[in-house]
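Listed below, chain by chain, are the residues.
2 protein chains.
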Amino acid sequence: MSDIKSYIENNKDRFINELIELLKIPSVSADPAFNQDVLNTSEAVKESLEKAGCDHVEICETPGYPIVYGEKIIDPSLPTVLVYGHYDVQPADPLHLWDSPAFEPVIKKTELHPEGAIFARGACDDKGQMYMHVKALEYMTSTGNLPCNVKFMIEGEEEVGSESLGWFVKRNQEKLANDVILISDTGMISNTQPSITTGLRGLSYVEVEVTGPNRDLHSGLYGGAVANPINVLTKMIASLHDENNHITIPGFYDKVEELTRAERDEMAKAPFSLEAYKEALDIDDVYGEKGYTTNERNSIRPTLDVNGIWGGYTGEGAKTVIASKAYAKISMRLVPNQDWEEITQLFAKHFESIAPASVKVKVTPHHGGQGYVTPINSIGYQAASKAYQDTFGVTPIPQRSGGSIPIVSLFEDELKSKTILMGFGLDSDAIHSPNEHFGIFNYLKGIETIPLFYKYFTELSK
Amino acid sequence: MSDIKSYIENNKDRFINELIELLKIPSVSADPAFNQDVLNTSEAVKESLEKAGCDHVEICETPGYPIVYGEKIIDPSLPTVLVYGHYDVQPADPLHLWDSPAFEPVIKKTELHPEGAIFARGACDDKGQMYMHVKALEYMTSTGNLPCNVKFMIEGEEEVGSESLGWFVKRNQEKLANDVILISDTGMISNTQPSITTGLRGLSYVEVEVTGPNRDLHSGLYGGAVANPINVLTKMIASLHDENNHITIPGFYDKVEELTRAERDEMAKAPFSLEAYKEALDIDDVYGEKGYTTNERNSIRPTLDVNGIWGGYTGEGAKTVIASKAYAKISMRLVPNQDWEEITQLFAKHFESIAPASVKVKVTPHHGGQGYVTPINSIGYQAASKAYQDTFGVTPIPQRSGGSIPIVSLFEDELKSKTILMGFGLDSDAIHSPNEHFGIFNYLKGIETIPLFYKYFTELSK
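In order, the protein sequences belong to chains A and B.
Going by UniProt numbering, the first sequence opens with residue 1, and the numbers climb by one from there.
Going by UniProt numbering, the second sequence opens with residue 1, and the numbers climb by one from there.
None of these hints come from the bench; they were simulated from the model.
Please note that a few of the clues may not be correct.
One copy or two, it doesn't matter: identical chains are merged, so the pair holds either way.
To be verified - Below 27 Å or equal to it, Euclidean Cα-Cα: the simulated BS3-like pairs (lysine-lysine) are:
| # | residue 1 | residue 2 |
| --- | --- | --- |
| 1 | Lys290 | Lys109 |
| 2 | Lys418 | Lys278 |
| 3 | Lys349 | Lys235 |
| 4 | Lys278 | Lys5 |
| 5 | Lys24 | Lys278 |
| 6 | Lys386 | Lys12 |
| 7 | Lys235 | Lys360 |
| 8 | Lys235 | Lys290 |
| 9 | Lys235 | Lys462 |
| 10 | Lys278 | Lys360 |
On a predicted model such as this, the values are computed, not experimentally measured, just so you know.
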């Protein structure tokens, strides 16, 4: 694989332009208005896999958005790598905060990306990282360097809970049979210090509705005498954290995995500057659970965040109204051993129990998934670690991520194989935010590193 | 004035149709999109006053929406009644909760309005009640029954704080000189038990903005480690009431007028059914300040209500985001002696003081006004009381209203005259809510009662 650097050098403009074309399609799975765009994206991914050298590619229908499946089997006796990624993206709003339109990709230099970064929704999460694998395959097939079998499974509902993926995996265990699952949908510490994500948080996402009076009321005539659903909702949400920012839902922490002092000390070795962190976010102080560091708070500890809240008059000017209803979208990040369905039930039970008699409460679970931990002594981890060492010249640090890829634990249950999370994004890439971007350096480095994973994984499997 | 009943009987269809035409114009002052409609409404009001017999009518420009001024001076030595009303209306949203379009008036019978009610935004607040005065003038001038001088001042910014009205009144004290101010922008207990509003609450309306990180963040990567502005806002708002629903802003209650036991006992005599109240709103329980009855909570006690709240992702589906900003519109109803500007300052000072270091807070005052009390021994009150007795056959009950008409105290300061609040609406008319309506009975009864006020006020002034 000595020729990979030159192959990338000779083709990088095309690699970048192909990704830009893919990023132009607004495949927002959360919003039905983009339905056709999501479908068009699955077609584009199918074609790219055919061009990259898959023998067989198909668009698999599901109850929701289709899953693009592709494979190249060179020898059934060799190991098989299953690549997972997603072609859908987060909604782009708030649109006015984007410096350039979310679906009109532009390349701009930044402090962290002196070689330029592609700015667009999905640039990093996950079109850019998913497409690295397509181009890595192209290199391996076109240069006779593919050392094992490969399967691709690219879905279109990751940003809305991957429901159809679960449905698909349960029905296609044989087709998806593999020795290791490879995913690039996470980040690394920096472009000089790569890291491999060994832990993911689980997720429980719910929507709550508080109903007071049966109609909007004049706040003068009824104010003070009737429960205001917005005031009540704020009290209920506020009560979900105590003064130490511990979550107050009974039983919430019962199964939380407590790390040993040694493990926490090991974590603390990862380079981190609180000052730089605060400066990057323009905040005077961090805020979180008492007794834990910032890196612990967003990785090994569960959380509860309101992702959206609305009720009453939110237009221009002033309206003196008491709304009939108030709403909030609330998500909880969970750690290994916390069962997301159990937590969802605990939340619903508790939230309903704290509602005053003067309102009615409805809790609607959106979706969720379990947390996950990858053993660093596995062949997959070792292969990934050696690949990064070759391309970055440094040993990658194993890291717990605060994010969630709910389907990883599903894969383990249904396909009986471990997942390796080779992420090439940076926390500063603003995924899920305005001005999401992905460094050209990271994109090309990913394409360079992935084939080496195949090589080492095949060798270590012998 | 013995012929008034027959005059109304002969003209009632026209009276109703004229009002319906006025209600078709969406004069929403809070939303710039309706700018031209608001202006068109002022023209329509001008024409109606000319037709009703005013000698002189003009549209007076202001820094905001114009004020329609009209007058008929029959003899400078006679008393002068100044009629105030407003031609602007509240926003109609949420539109989907209207059974018929807000600006396509329809007449429907209801349990409380067996003779039918006009359903439309502004039907009661205040186009319908304002127009009663126009038609009452028409009767008095066309039948030679006008016993005194009359002036009209109809504004277009009542629903957004009446700022231009204050500007106008301060500059036109001579033009607006009067002996009593007459307003129909309040309600009465029922169609069989009229009441006259003797007290109004003041108002302080503010908007708050809480800013956390400088951009929306991925709730997985940052959740638990960074202050979530929505969570923080809910905690801050929740803390504004204690467990007894007392408002916790330091100094908030310092100047609150405490009624005597006797006064509260007198209030308690007003017919009121808690069961019917709860049933009408479809609530299992009321909710408010400990130690006060429902009628006290919404009239003699100050309140703090969130009128609107928004932040984060509020679209379809789920987005795992930590918003950069969260907002709320908050209004406080004030009682006599509480100064709205002082309360606004107390709120801002307190709200900023309770913000954690991890967020930035901005408080923007919208508008406000003072509370007010009308003495029931005044000539104006006596004249109104006799007028209701004649037309309803019962003595009206003096009542404190929870609503606010901020300009009433301004009138007293600038024009040195008392205001009489002759309201003909019902609490169930759903003002500021979907399906606002105004009873045909109430509309015609108002037209019948108003001329008698002129008669008695002139006689009692001799």
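Each hint tested on the structure:
1. Proximity of Lys290 to Lys109 under the C-alpha cut-off of 27 Å is found in neither arrangement, the shortest distances being 38 Å within a copy and 60 Å between copies.
2. Proximity of Lys418 and Lys278 under a CA criterion of 27 Å is satisfied in neither setting, with 35 Å inside one chain copy and 58 Å between copies.
3. When the C-alpha separation of Lys349 and Lys235 is checked against a cutoff of 27 Å, the pair qualifies both within a copy, at 17 Å, and between copies, at 21 Å.
4. Taking the shortest Cα distances, Lys278 and Lys5 never come within 27 Å of each other, neither inside one copy (37 Å) nor across copies (75 Å).
5. Neither within a single protomer nor between protomers do Lys24 and Lys278 lie at most 27 Å apart by alpha-carbon distance, with minima of 33 Å and 54 Å respectively.
6. In the homo-oligomer, the alpha carbons of Lys386 and Lys12 lie at most 27 Å apart inside one protomer (24 Å), although the nearest pairing across protomers, at 91 Å, exceeds that limit.
7. In this homomeric assembly, Lys235 and Lys360 come within 27 Å of each other (Cα to Cα) both inside a single copy, at 14 Å, and across copies, at 21 Å.
8. Taking the shortest alpha-carbon separations for Lys235 and Lys290, both the intra-copy value of 21 Å and the inter-copy value of 17 Å come in at or below 27 Å.
9. Proximity of Lys235 and Lys462 under a CA criterion of 27 Å is satisfied in neither setting, with 60 Å inside one chain copy and 58 Å between copies.
10. Taking the closest pair of Cα atoms, Lys278 and Lys360 come within 27 Å of each other only across two copies (14 Å); inside a single copy the shortest separation is 40 Å, beyond that limit.
This entry does not satisfy hints 1, 2, 4, 5 and 9, going by the numbered hints stated previously.
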